[in-house]
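*Asks:* Using the sequences and the hints given, assemble the complete structure.
Chains as they are written, first to last, in the working numbering: chain R, 1 to 106; chain G, 107 to 331.
It is possible that part of the hints are untrue.
Unchecked claim - When the alpha-carbon atoms are kept at most 25 Å apart in a straight line, the in silico SDA-like pairs for lysine to any residue are as follows:
hint, chain 1, residue 1, chain 2, residue 2
1, G, Lys-162, R, Leu-21
2, G, Lys-145, R, Phe-85
3, G, Lys-145, R, Tyr-83
4, G, Lys-307, R, Gln-98
5, R, Lys-93, G, Met-280
6, R, Lys-93, G, Lys-135
7, G, Lys-324, R, Gly-90
8, G, Lys-136, R, Lys-93
9, R, Lys-100, G, Tyr-304
10, G, Lys-324, R, Glu-94
11, G, Lys-136, R, Val-84
12, R, Lys-93, G, Glu-143
13, G, Lys-307, R, Gly-49
14, G, Lys-162, G, Val-257
15, R, Lys-93, G, Val-257
16, G, Lys-136, G, Val-122
17, G, Lys-309, G, Pro-142
18, G, Lys-162, R, Ala-22
19, G, Lys-309, R, Gly-90
20, G, Lys-135, G, Pro-146
21, G, Lys-162, R, Glu-94
22, G, Lys-317, R, Lys-97
23, G, Lys-162, R, Met-27
24, G, Lys-322, G, Val-257
25, R, Lys-100, G, Glu-325
26, G, Lys-162, R, Val-44
27, G, Lys-162, R, Lys-100
28, G, Lys-324, R, Asn-2
29, R, Lys-97, G, Ala-329
30, G, Lys-162, R, Met-1
Derived by calculation from the structure, the hints in this document are not laboratory data.
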Amino acid sequence: MNNKQYIVLLVLVVIIAVLPLAMYSGMGEDEGYFGGADTSAGEVVEETGYEPWFNSIWEPPSGEIESLLFAVQAAIGAIIIGYVFGYYNGQAKERRKQKKEVKTEE
Amino acid sequence: MEGFLPWQWCLFWYIVAMPVVAYGVIQIKKITDKQPESKPLLAVSGAFVFILSSLKLPSVTGSCSHPTGTGLGAVLFGPAAASVLGAIVLVFQAILLAHGGITTLGANIFSMGIIGPLVAWLVYKGIQKANGPTLLGVFLAAALADLMTYVTTAIQLSLAFPVPSFGMAFNNFMWIFAITQIPLAIAEGLLTVVIFDYIMKLKPDILENLKVIGPKVKEKVQAVV
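*Replies:* Right, dumping it as structure tokens:
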């Protein structure tokens, strides 16, 4: 694939992520939208009369702290991928350069 | 969800999941001993799970869920190795984010770390055997791994809470999890294709050594580059 095809695929991903926001525009958590699927499943379980027998040892004290930790998680992943891909890209460039030099020397 | 499975089920899924993760650790050691040059790719696979499982995306059903990212690792290193990557992320989320849970860790490793990667690997190898297009294999592997992870979750919950019956409960949980997951699974498939194609362009040799692509595909890629 070339760069253009990459961009097309990535734009598709963005559309998939944005579409629900447009579909339910104006709705919020109070109307029952954009909550976690696991929360809804938890409600179904609790309706059966079941009570969770164990609580989390530690919970992020607020939404802000939770989003901080999720962002840290994504950042760790992004740093690693960026580092490795940058390194690979540099190697590939160097290989191409050496090939060219060999050709011009001939 | 912490405490949301009866303890017998928690124990059961731990017993099922742990041997697979242990086997995965051995597998990873074997692969990296044999091919030390594949280590950066292992890091990339793990990092991909880190990123994707942190992104809670909205879906057309109006609720949010997150992709899993385990398909890439499964295609590159096999399902056992991918289960270790999934387990690491699940432990991170259970301890620091109160997301997933320690009691339910075994069940979550089973769905996200074992069934998902297993499906990805089977789909990818199946399409490879049939000489299908490599990138189509990657797309289907990643998307189906994502989807089947949540189908497995629905089955696990219906087994633990067959109210009023297993079938009715399954129907309920499938709506909550699997239908929400369909668009996210497609998005994950597309992202995995982009990142896989990029790896294939830059490091076709490593992929060939890992038996992810055959010599024919490698020649084709190198001809383009």
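*Asks:* Each hint: holds or not?
*Replies:* Quick rundown of the hints versus the structure:
1. Our distance criterion of 25 Å between C-alpha atoms is met by G/Lys-162 and R/Leu-21, whose separation comes to about 13 Å.
2. Distance hint between G/Lys-145 and R/Phe-85 is fulfilled; the C-alpha atoms sit about 13 Å from each other, no more than 25 Å.
3. Restraint check for G/Lys-145 and R/Tyr-83: the C-alpha separation of about 13 Å stays at or below 25 Å, so the hint holds.
4. A threshold of 25 Å between alpha carbons decides the hint, and for G/Lys-307 with R/Gln-98 the separation of about 18 Å falls inside it, so the pair holds.
5. At roughly 48 Å between alpha-carbon atoms, R/Lys-93 and G/Met-280 are farther apart than 25 Å, so this suggested pair is violated.
6. Taking the CA atoms of R/Lys-93 and G/Lys-135, the gap is near 31 Å; set against the 25 Å cutoff, the hint is violated.
7. For the given pair, G/Lys-324 sits about 20 Å from R/Gly-90 by alpha-carbon distance, which is consistent with the 25 Å threshold.
8. At roughly 31 Å between alpha-carbon atoms, G/Lys-136 and R/Lys-93 are farther apart than 25 Å, so this suggested pair is violated.
9. In summary, the hint linking R/Lys-100 to G/Tyr-304 is supported, as the alpha carbons are separated by about 22 Å, within the 25 Å threshold.
10. With a C-alpha separation of about 20 Å, the suggested pairing of G/Lys-324 with R/Glu-94 holds against the 25 Å cut-off.
11. Simply put, G/Lys-136 and R/Val-84 have alpha-carbon atoms about 22 Å apart, close enough for the 25 Å limit, and the pair holds.
12. In summary, the hint linking R/Lys-93 to G/Glu-143 is supported, as the alpha carbons are separated by about 18 Å, within the 25 Å threshold.
13. With a C-alpha separation of about 54 Å, the suggested pairing of G/Lys-307 with R/Gly-49 is violated against the 25 Å cut-off.
14. At most 25 Å may separate the alpha-carbon atoms for a hinted pair to count; G/Lys-162 and G/Val-257 meet this at roughly 18 Å.
15. At roughly 43 Å between alpha-carbon atoms, R/Lys-93 and G/Val-257 are farther apart than 25 Å, so this suggested pair is violated.
16. Between G/Lys-136 and G/Val-122, the direct Cα distance comes to roughly 22 Å. Compliance with the 25 Å bound is thereby established for this hinted pair.
17. At most 25 Å may separate the alpha-carbon atoms for a hinted pair to count; G/Lys-309 and G/Pro-142 meet this at roughly 14 Å.
18. Distance restraint check for G/Lys-162 and R/Ala-22: the Cα-Cα separation of roughly 17 Å lies within the 25 Å cut-off, and the hinted pair is therefore satisfied.
19. About 12 Å separates the Cα atoms of G/Lys-309 and R/Gly-90, which keeps this hinted pair within 25 Å; it holds.
20. A C-alpha spacing of about 14 Å is found between G/Lys-135 and G/Pro-146, which places the hinted pair at or below 25 Å, so the restraint holds.
21. Taking the CA atoms of G/Lys-162 and R/Glu-94, the gap is near 39 Å; set against the 25 Å cutoff, the hint is violated.
22. Using a Cα cut-off of 25 Å, the hinted pair G/Lys-317 and R/Lys-97 is violated, with the two alpha carbons roughly 29 Å apart.
23. Of the supplied pair hints, the one linking G/Lys-162 and R/Met-27 holds, its CA atoms being roughly 17 Å apart against a limit of 25 Å.
24. With a CA separation close to 36 Å, the supplied pair G/Lys-322 and G/Val-257 exceeds the 25 Å bound.
25. Taking the CA atoms of R/Lys-100 and G/Glu-325, the gap is near 20 Å; set against the 25 Å cutoff, the hint holds.
26. For the hint linking G/Lys-162 to R/Val-44, the alpha-carbon distance of about 21 Å falls within 25 Å, and the restraint holds.
27. Taken as a hint, the G/Lys-162 and R/Lys-100 pair is broken in the structure, with Cα atoms around 46 Å apart against an allowance of 25 Å.
28. Of the supplied pair hints, the one linking G/Lys-324 and R/Asn-2 holds, its CA atoms being roughly 16 Å apart against a limit of 25 Å.
29. Taking the CA atoms of R/Lys-97 and G/Ala-329, the gap is about 17 Å. The hint holds against a cut of 25 Å.
30. For the hint linking G/Lys-162 to R/Met-1, the alpha-carbon distance of about 28 Å lies beyond 25 Å, and the restraint is violated.
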